[in-house]
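S.K.: Put together the whole structure using the sequences plus the hints.
Protein chains: 2
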Amino acid sequence: MLELPTSRDACLALDAADPLAAHRDAFALPPGVIYLDGNSLGPLPARTEAVLRDVITRQWGTDLIKSWNTAGWIDLPRRVGDRIGALVGAAPGQVIVADSTSVNLFKVLSAAVSMRPGRTVIVSEPENFPTDLYMAQGLIRQLGDTHSLRLVGPDALAGALGPDVAAVMLTHVNYRSGAMYDMAAVTAQVHAAGALMIWDLAHSAGAVPVALDAAGADLAVGCGYKYLNGGPGAPAFLYVAERHQASFAQPLSGWLGHAAPFAFETEYRPAEGVSRFLCGTPPILSMSALEVGVETVAAAGMAALREKSMALTTLFAARAALRCPSTTPASPADAARRGSQFCLRHPQAYAVMQALIERGVIGDFRTPDILRFGFAPLYVRFVDVWDAVETLADILDTGAWERPEFHARKAVT
Amino acid sequence: MLELPTSRDACLALDAADPLAAHRDAFALPPGVIYLDGNSLGPLPARTEAVLRDVITRQWGTDLIKSWNTAGWIDLPRRVGDRIGALVGAAPGQVIVADSTSVNLFKVLSAAVSMRPGRTVIVSEPENFPTDLYMAQGLIRQLGDTHSLRLVGPDALAGALGPDVAAVMLTHVNYRSGAMYDMAAVTAQVHAAGALMIWDLAHSAGAVPVALDAAGADLAVGCGYKYLNGGPGAPAFLYVAERHQASFAQPLSGWLGHAAPFAFETEYRPAEGVSRFLCGTPPILSMSALEVGVETVAAAGMAALREKSMALTTLFAARAALRCPSTTPASPADAARRGSQFCLRHPQAYAVMQALIERGVIGDFRTPDILRFGFAPLYVRFVDVWDAVETLADILDTGAWERPEFHARKAVT
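Line by line, the protein sequences are chains A and B. For the first sequence, the residue numbers in the working numbering are 1 to 413. For the second sequence, the residue numbers in the working numbering are 1 to 413.
The set of hints was computed from the structure by calculation and includes no laboratory data. Just so you know, these numbers come straight off a predicted model, no measurement behind them.
Quick look at which bits of chain B chain A covers, simulated, 3 or more residues with Cβ under 8 Å:
1) 40-46
2) 96-103
3) 223-237
4) 284-292
5) 357-371
Listed next, the stretches of chain B that the computed footprint assigns to chain A, with coverage defined by at least 3 CB atoms under 8 Å from CB atoms of chain A:
6) 274-281
7) 406-413
Simulated restraints on C-beta separations:
8) 4/A <-> 79/B: 45 to 51 Å
9) 299/A <-> 303/B: 50 to 56 Å
10) 148/B <-> 409/A: 46 to 52 Å
11) 265/B <-> 146/A: 23 to 29 Å
12) 405/A <-> 265/B: 25 to 31 Å
13) 145/A <-> 126/B: 30 to 36 Å
14) 334/B <-> 53/A: 42 to 48 Å
Quick reminder that beta carbons are idealized off the backbone N, C-alpha and C, glycines included.
M.R.: So this is what it looks like as structure tokens:
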């Protein structure tokens with residue numbers, strides 16, 4: 001762990017010595033902005049525009065349908081999947097890129113439930129990201145309410161793992177608090193109860209080291225547009241442990257998950273391996289942008305990223321405690337138990353965040369009273385953390401958030 | 001109906017007088033290519049590169065997450081949906097862009113089945129595009145085989161519509177033969193049997209006039225990357241007739257289909273209207289490209305496109321009958337009963353198509369013996385049709401397809 005800087009100059013010195021500093025140049029960040037919202041939308045990698053121009057003008061425009069073969073479009077879901085797999089501790093052949101996180105959750109939840117006949121409960125937590133709960137609710141309705149969703153907080157998990165539990169679905173790093181589960185320990189606990197473990201890595205992939213294989217995880221999903229910098233609404237990914245691939249079936253059995261998509265057979269026959277979790281034709285432009293985003297993370301390495309990330313969140317927490325006494329921390333105090341973000345509570349969080357954004361410090365608001373800040377160590381500097389807290393302190397000290405325009409709610413918050 | 005040209009010069013004259021001729025400039029077609037595969041992948045619109053550059057560098061790169069509000073990303077599924085709606089005869093508020101055709105089929109099939117409790121059969125045809133059948137099979141497996149799929153050819157449809165039928169799912173224009181159903185007549189027949197009608201418009205949207213509302217259609221899906229020129233794997237669309245929107249539920253109940261996505265509630269509450277058929281976060285880059293592609297079609301108007309399309313396929317059929325006697329037609333002889341494509345059978349269709357592609361005439365092969373040619377009147381000229389048939393005739397007459405490299409199968413055909 002780095003020693004925390006105690007002055008702005010000390011931050012600048014840390015940045016100058018930062019072995020990750022050069023990776024900031026891999027992003028096209030707008031000037032004058034401190035971007036602490038890469039956990040909502042990762043910023044634009046510098047290479048993406050040129051890569052997409054090539055995909056659009058040469059692969060699509062000139063080579064047209066040939067590119068399914070010559071540019072490897074048909075292999076993109078597996079190829080980018082394996083690249084993401086390397087970031088989340090999954091050996092090749094277990095991760096594919098496809099659809100959205102929500103749709104992928106439906107696939108793995110369906111598969112998990114069908115693997116545990118007679119068990120009728122899906123366990124999750126009330127603070128999980130809502131779409132995870134909504135997808136489970138949709139599946140349960142479709143199954144005719146033969147199953148149910150049991151929501152318990154982290155402390156009550158052990159008591160909820162009865163013999164009726166088919167699967168446990170948790171988000172590894174909580175979207176709001178940033179609290180991180182011990183993946184190996186929870187997975188073992190769930191397995192001991194005879195259930196399958198589904199991890200949502202939306203706030204983990206590219207943010208914290210993840211070891212899916214080593215943790216014995218069964219299934220996982222994750223997001224391409226946060227710490228993987230794949231662009232707005234980038235396709236999501238899905239992990240199925242190799243030991244389950246032959247026996248798992250999922251209901252979204254589209255043609256690209258077929259053993260022979262271009263044989264145009266009337267009956268579905270699942271492809272070997274994780275490819276059976278593909279469904280329809282993937283959005284190649286968005287998936288090509290995701291590949292660039294994944295490369296920005298892979299170039300740095302998760303261990304170095306994690307070390308800096310913990311230093312950044314620790315510095316932020318310490319400075320906020322000192323300079324912003326009207327806020328209270330909403331993330332775990334121990335850096336090892338949180339992801340790459342730190343949140344503060346403030347009764348006027350929405351307006352405070354609008355005031356911050358106006359001054360170029362971009363985080364986001366999460367209902368009801370959360371100021372959420374993501375610290376992606378690829379491009380966030382120590383001096384950014386220092387300046388962000390100083391800006392926040394000034395807004396709080398001067399009541400700048402009180403301006404009426406900061407209270408007008410936007411469609412997307 | 002135009003009089004058919006009987007010489008290459010007459011084709012050139014027709015092209016010179018073609019009121020749609022200028023629309024060809026809206027595409028960045030590679031030189032030396034006759035592109036008759038827009039029914040597999042529409043070509044690149046000339047504006048797409050610049051629009052995507054703006055989406056990437058300004059909307060994403062500079063404005064970052066603000067673009068969900070300021071660039072209207074959050075409204076894209078509805079906005080592009082309404083634009084597509086205008087092309088398929090759907091009043092605003094009934095079409096959204098989301099996910100893939102396969103995933104959307106799962107949504108509407110699930111919804112249809114749940115609307116007809118006690119009815120346990122889904123009717124389709126064995127020659128439907130396979131992914132449609134696969135998605136129905138996946139749904140049926142998930143429902144515990146309480147339902148079944150009844151496959152009948154067009155002539156046997158009436159006899160298959162018993163009181164046990166919940167929904168009929170047909171592709172309006174067949175992907176292989178190009179045969180087109182009478183949408184209004186079939187829909188009325190299905191309704192008379194008490195079932196719901198689901199149309200797959202993959203080969204119809206942007207290709208032939210469609211009047212979903214006037215035909216009384218219940219549900220439809222369609223593809224963005226064929227005649228809508230949205231780019232490889234472009235997002236798909238989905239139609240739900242307004243009268244069904246309040247009562248329809250679908251199991252892929254993701255957060256963007258929630259009544260208040262950013263309230264982060266624990267329980268799913270469906271949004272009003274067609275938005276409840278949204279699921280996860282949409283791929284903005286691919287969806288922005290689709291918007292440009294849809295505009296290329298809207299600028300021409302479906303009536304003019306259809307008139308030229310029928311002339312193009314008629315010319316092709318007539319010339320192929322004359323010049324390529326070793327082929328047999330695989331599409332309806334009556335232009336009014338087919339879509340914007342024409343197919344020929346040849347026992348060596350795969351190799352023949354490879355030889356054609358090598359000479360710059362791009363169509364595609366469909367198993368087992370189909371040469372498939374799409375004629376998108378936005379950019380295909382009469383002289384292209386003439387030249388394509390001459391090239392095909394030469395390949396067949398000289399046995400040019402016999403070269404061994406034309407027989408090596410590619411991954412994507």
